[in-house]
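Can you build the whole structure from these sequences, using the hints too?
So for the sequence shown, UniProt numbering puts the first residue at 1; every next one is plus one.
It is worth saying that the hints were derived from the structure and are not from the lab. From a predicted model like this one, the values you see are computed outputs, not experimental measurements. Hints should not be assumed to be uniformly reliable.
[To be verified] Pairwise CB distance ranges (calculated): (1) S718 - F846: 42 to 52 Å; (2) G100 - K203: 21 to 31 Å; (3) N365 - K614: 21 to 31 Å.
The C-beta atom is built at its ideal place from N, Cα and C for all residues, glycine as well.
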Amino acid sequence: MENEQFNPLSLLDKNQPFDADKLKLLDNIVEALLDTKDKNRRDFAQNLLNQFKMLDNSWRSVSVILDHSENVNTKFYGLQILEECINNKWNILPAEEREGMKNFIACYTITMSTEGTTVGVDRHLLNKLDETLIQIVKKEWPDSWSSFIPDIVNSAKLNQNVCENNMKLLNMLSEEVFEFGNETLIQKKKEKLRNEYASQFQKVYDLCLYILEANICNKRSTNSSLIKQTLICLSNFFKWIPLTYIFEKYKFNDNEIQIIDLLFDHFWDDISYKIECVKCIQEIVMLKIDEKNLLYFENVFINLWSKLVNKIKYLPNVNEMKNIPPEFKIFWEQYYLQISICLTSFLKNYRENIIEKNNNSNDINVVFKFLHMLANSNMDEVFLIIVDYYNIFTEQLIRELMGRLEQENSIKNKCGNSNNNMQTDLKNGMNNGSGFNMGLETGGLNNRKVYSFATMHSIGAGNNNAGNENSVININEYSSILDKIDLTQSDIKKICPRIKLYEFILNDIRRTIIEKMAKPQEIYISYDNETGEVVRDFEPDTTEISLYNTMKTTLVYLTYLGSEKTIELIVELLNKESEKSLKNTNKNEQWNSTKTNRISYAVGSISMCMTLKKEQDFLMYILRIYLHMIEVKNGEENRAILASCVMYIVSQYHRFLKLHWRFLKTVMKKLFEFAENEKVQDMAAETILKICKQCKNVIAKNNNSTDSSGNNTESFFSIFIKFHNNIMHKLPEKLNLLLYEAIAHVISCFPYEEKQESIKILMSKLMTLWNDLIYSNNNIKNVNTLNNGGNNSGTSANIMDTDFKNLEHLCNYENSKLIITFVRVNCRLAYALSYFYYEQLNLVFFDFLKIYQLYSKYINMEVEANGTKRIKHAQFRNLFLMKREFLHLIETTIERSCYNIQELEEALLKREQKKMKNEIDESMDVHLPTVEEAKQINFQMTSNILNVLLETILVDYRDSNPHIKDAEVFSLLSTVFKKIENVTCPILPTVLNYVLLPTIDMIKNDFSSYPEHREKFYNFLDACVRHCFDYLFTLDSEIFNTFIQSLLWAIKHEHPSVADHGLKITHQFLHNVIVKKKEYLDEFCKAFYYIILNEVFKTLTDSFHKSGFHYQTIILMNLLRLLEFEVINIPDAEITKPHIIKHVQTFLTQSFENLNQKQIETFSVDMFNFCVESPPTFRSFVRDLLISLKEFSTNQDELYEADRQEALQRAKLAEDNKLIKLRGLMKEDVPSFSAIDVDDECINVE
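The structure is reproduced here in structure tokens:
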């Protein structure tokens, strides 16, 4: 390449014309870009092509590229250059050049489409040409190219290839204007294009009918691809065109055509157009039509439904798909997916108003049978669509049943007569010494919120809010009705006749849901069909969990609609699977456990959906079958899977367990057995924890119970301790921690003296080991020594006075690991015992603190001596981890033991209100202290912690090397200020002096280093603004200024999580200043108004902070409202409306040379006009500016003068209204806003 003309850089020479030599060079560079071997060559080519694209006149070379290049990739590149020019520079191009470019692309597109491009590469190039032409149309139509649609329609008659491409262009324009226009078109332009398209749509519709009619007359004369493209266009047009085009007969060529009949009669059965035709019908049935139009077009909908059902009857059975070739199988799967969407959409929107109203019960059965067949096929996407509809359908029936229960006089009388009895039951439950019984009979039912999920829109004449879409019915409000009145299936049918209509359909749905039930999150193991082994699922499957929640909700609804039917079906299916498993056992065949597992998931999902008696009989029967299968089944893997089923079921039925202590005790012993099985020990431990948390009151009450003969039996606590001591050495640390927490939950319900004694027993071995470790200078190497020897000391001497040299043995790897375990156990106890952990905390707190100081000193010494690379060593990671676990222990103790006084006062007030209304629920079982007691608890729990926090932890954070500062400090601080703000807020200035500047020094140089510190640091600042706002104004000016600058630094981050959080905190801070510290508002604005305004505008107008658009506009809106509503007006600091307008104009003029000055003036005036509107309106206004920033504006001021005059007129009108109101010239209130009384979205951060 010594020759000048082959020098790649000559491509960038502006003085040389773009001739054949340059074109050849460009082809070579494009080929180099696609070279997969030489990375340097690719990077050089990419850089060169980017530079060429940025040249001012590079777009002029596109005509040469398209006409003469033989490389399709080069043509693609040429179109990219042209598209960028159209999007950014179109307005500044001379009119003749715009006209020339428009004509060239239009002619080139017609020429290329005339040739009938069937080759894949050429087809993609034509698509790119179409996209480029549409970009021109969006600029020119309708002002400079008013004949675009007539031109497209007329040119479509040249030949079928051109016609097909023109239909594609019309479809692309429709999508750009009606679907994607919000992000690419300003509001005024978008409305203009939509109105223009709608006004000229008749020509487009005539073209569509012309094509379809031609195919009907002579199928061989019309390309199938043209028909497909026309149907695709129609499916998109149906979303926005007037309803008359769809539902009324349209006169075309002296014939009256009804498009729905046309589609069903001539295109539905043709396999070439099946999918496209279904999509057309699908879009029609998905339209949201008001009642008036629905009544007007009722006959059309009835006809549509009838034709749809008739077509469904003749579709092939899904089971026959097994024998068809793979290429056809894909087609039919896609077809069935579309047909399922179509059918479920019709049922969602028109089942009651169209189908049932016209007594089409047979058709309903046909469609539901068809959906049932599809749901039981192996098409996953189809199954999801149908299950989603089943959920909506059953919810609608439940909603109606609840409404009918309210309406029926007989039911009302029953409820009224039994009301006194219900109140008596509640009182007995509270007075018999077993508070949990009250929870079981009443509050326990309210606990259905965990399972019933349903808040439903109200319906029915009996509801005062009927017809109000915002009013909801909560199914849990009716739980007591369902339980107190044991409704049989016949009762339900009498109350709600519609349920009788769907009786068989509901049974089919039950069967489908039960047989295909998804796996809940609690199940950790699964059967691997390839290896034949049971495997542990380490990663939760979020898709499966989401599907399970939907199916669970559906089955809950179905159980409410007929518990007997659900029970019968589950028992029937389980008996079948049990028989199969026994047969397989006898024949030594491999057993597939999938169905048995799914049945267990179904059983667990309907907990608390039946009366207590039904639930008891049902659960005992199911568990007998599963336990019998475990006994007789061969193979450890099979028994493990069945054990997981049993554990899941019993963990869901805590109401039953609470009522049957002996059964609960038996279940716990069985779980202890499962915990020794490595396959299921994880799930066993978590199930033990779950049951202990749910049933802790019952277990504590029956801890020292007697047997049937009246003899004292061994306490549950003793059994648990023995079990744990025996199995401790076999379990990993994680499971041991779960068991410690489980028994601690039970201990928390013991009487006080027994509680403290039980804590000592539980911790005795650990405390003995702890004392040996610290004071005997033993080098303990194995955590298994927890299970060996040692007396029940239960106490610990204090090591605060021990010299650091005598504790250096604690820094080795084995001992530090053991200390971490010990801290974690205490953390679990703190979580479960809440403020009853206080005495245990006193035993270990200062020991932990001394070790914290020792590890800090040791780490700092090593870093000073050997550098930060030393901290990656395993030993030092353990030291870090111990420090972090200690901070987490303090955080957990405060979180679980202390009370936020303001939240406590609100909770006590709500409880009093419930008592006055006689509304008793399970929340009444939770003990709440008085405000004075809570303050004493807070003081007791934090008296030592706050001193340690200030004197040790924060000093250590401030003085440590940045690489070893622990971000967990900020989590601790956030919790402290949130929970005990009345105690800790006064020390906020001291805390900030320790942590603010050191952290800012760490994160101020870039946006990426120390990511964990950034996240938790801003969580801490958030807590300061929310809980200690008043004390921020006691900071000295330097710290206060740094605090504000920290928030603005967050806004600049490119990572959405940090930037968005910074915006939320800034908005909350600004709101608090306006509402709570109005006396400081002027001074605050003098110092920070322009700073905040500039930062918001900078991030709003760049392309790196799009995720923060919501809060950027809300902050800007509030800043403007301060001036618009004259909350502030500070001429000395140039904080007035005229000054801000001028400032914004200067900013936009200097930052964006592509904007016209008239545009800038219009925006700067209108931003005050629109800031008084709702946030969505203001956001749309700002979005128009952001769209305008992407392109150069024309220098013709007159094009923008009209907009500017409109903005000035709006401003004058707003000012006149304000003056009229101030002068009292109008009696009625003029609509106005206040900066402190605005839309909720402008006030609340959340």
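Hint check results:
| no. | hint | in the structure |
| --- | --- | --- |
| 1 | S718 - F846: 42 to 52 Å | violated, 31 Å |
| 2 | G100 - K203: 21 to 31 Å | holds, 27 Å |
| 3 | N365 - K614: 21 to 31 Å | holds, 29 Å |
In this structure, only the earlier hint numbered 1 is contradicted, and the remaining ones agree with it.
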